[in-house]
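Enquirer: In case you want the letters, here they are:
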Amino acid sequence: MTTAIALISGGLDSMLAAKLVLDQGVDVKGVNFYTGFCVEGHTQSIRSREAKKPKRNNALWVAEQLGIELELVDVSEEYKRVVLNPKHGYGKNLNPCVDCKIFMLEKLKELREQGRLAFDFMLSGEVLGQRPMSQKRTRLDIIAKESGSEDELLRPLSAKLFPPTLAERRGWVDRESLLGISGRHRGTQFRLAQEFGFEDYAQPAGGCCFLTDPSYASKLSDLWGARGRRTYELEDILLLKVGRHIRPAADFKLIVGRDEGENRFLEGFRRRFPHFKPVSHEGSLVLLDGAATRPNIDLAARIAGRYSQGKDTPEVTISYTSCDGVSEDLCVTPMAMHEVRNDWHLGR
Amino acid sequence: MTAPTTVDARGLLCPMPVIRVQDKARGLSSGSRLELLATDAGVHVDVPAWCRVHGHVVKACYEQDGEISMLIELGGALPGNNP
Ligand code: SF4
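In order, the protein sequences belong to chains A and B. Be aware that the first sequence starts at 1, since it is given in the numbering used here, and climbs by one per residue. Be aware that the second sequence starts at 1, since it is given in the numbering used here, and climbs by one per residue.
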């Protein structure tokens, strides 16, 4: 039986692409690459106000709807070179879409060589002209060529706009049953989703990862600037997805939970970051990322006071715990609203 | 019955626990059991979903003081065991 491997992001386009080929009797298996930047159900539902949204891994959800197997592959370490040094540059924000697609297709072939995957051709949900940077014809040609996938890559949603690929020429799929969608309108995809009975599919605004998000991208640029080098750890990029990020000085920033959901999430990082928690009043958990010097701790405690119920009182008590787990109570005057400078807020 | 193979994913955020389970399951035979230790509540959703997709079964799940222990029995298709 012919086997195809589909890149499953968890969004609608890759879901439809896989479905179109699955319906032709091809054995389709899915692969989802975890880059650390992925927009997935859990991260979106960290905030309490969004807690009603289903908490789920969208790629697994897609696999379940389609009835296909899914391999999840952690590429977060290797993916750094794509984000830090993209040969084809970035899109509107810090999204290196062209290099990202090349990386993923190369990775599929590498996994085949290692015997971890077996397939005759590859599928992607790319649509010609849908994204300004990565889905222009020239860019799509570059992706197929530089990844070495060329003929082995089928884009079922726009297939008719490209010369027939291996899967079509060999008769593994019927070209006539594939589509010729182009452009940014998503009407055809929505209609198809309805025809196939897909409901509740994920539609992340902007794209399949946080790198397309302007606020996220600006926080990532700040991180690189503050550290003096373009690098990151998985922990850094997960934390950029959550909380209010405030940088009062070049050598430290604060991550302030905005609600119960975020406070709970940040609690998971308490052992790795010095942190503040109001004790005289209710308030946010605040992590300190950077130099925990005495002046920085004192300033941070006042900011933590600002984000507590005691913000308008003359004094609040904040418990400060260092990375070694040593705690002390600090009595401080909460910072007034006007003192928290606008340009301290990152990603606004 | 042999003791289940332990997958320690404490401190990891989803989807890493499910990736660890999947990677440990690779090469194991049907009927093998895995015990996942995790702290991210997301595993309550991700692991059963992964099991449904691949024909495995969550046999038991306990939670105490924020620590989750999940017993999984492998069956059906095993990742990486390609024909
Ligand atoms: S949006 Fe993110 S995951 Fe999607 S292609 Fe671009 S860089 Fe890759």
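Hints in this document: simulated from the structure, not taken from any laboratory. In this text, a Cβ means the ideal position worked out from N, Cα and C, and glycines have one as well. Be a bit skeptical, because a hint or two may be false.
[Unchecked claim] Computed from the model, here is a short list of chain B residues facing chain A with C-beta under 8 Å:
id, residue
1, 22
2, 50
3, 75
[To be verified] Just so you have them, the derived chain A footprint on chain B, three or more residues with Cβ under 8 Å:
id, stretch
4, 7 to 19
5, 41 to 47
6, 51 to 61
[To be verified] From the derived model, a few chain B residues whose C-beta atoms are all more than 10 Å from chain A:
id, residue
7, 1
8, 2
9, 3
10, 4
11, 26
12, 28
13, 29
14, 30
15, 33
16, 35
17, 37
18, 65
19, 67
20, 69
21, 71
22, 73
Enquirer: Of the hints stated earlier, which fail here?
Expert: 3, 11
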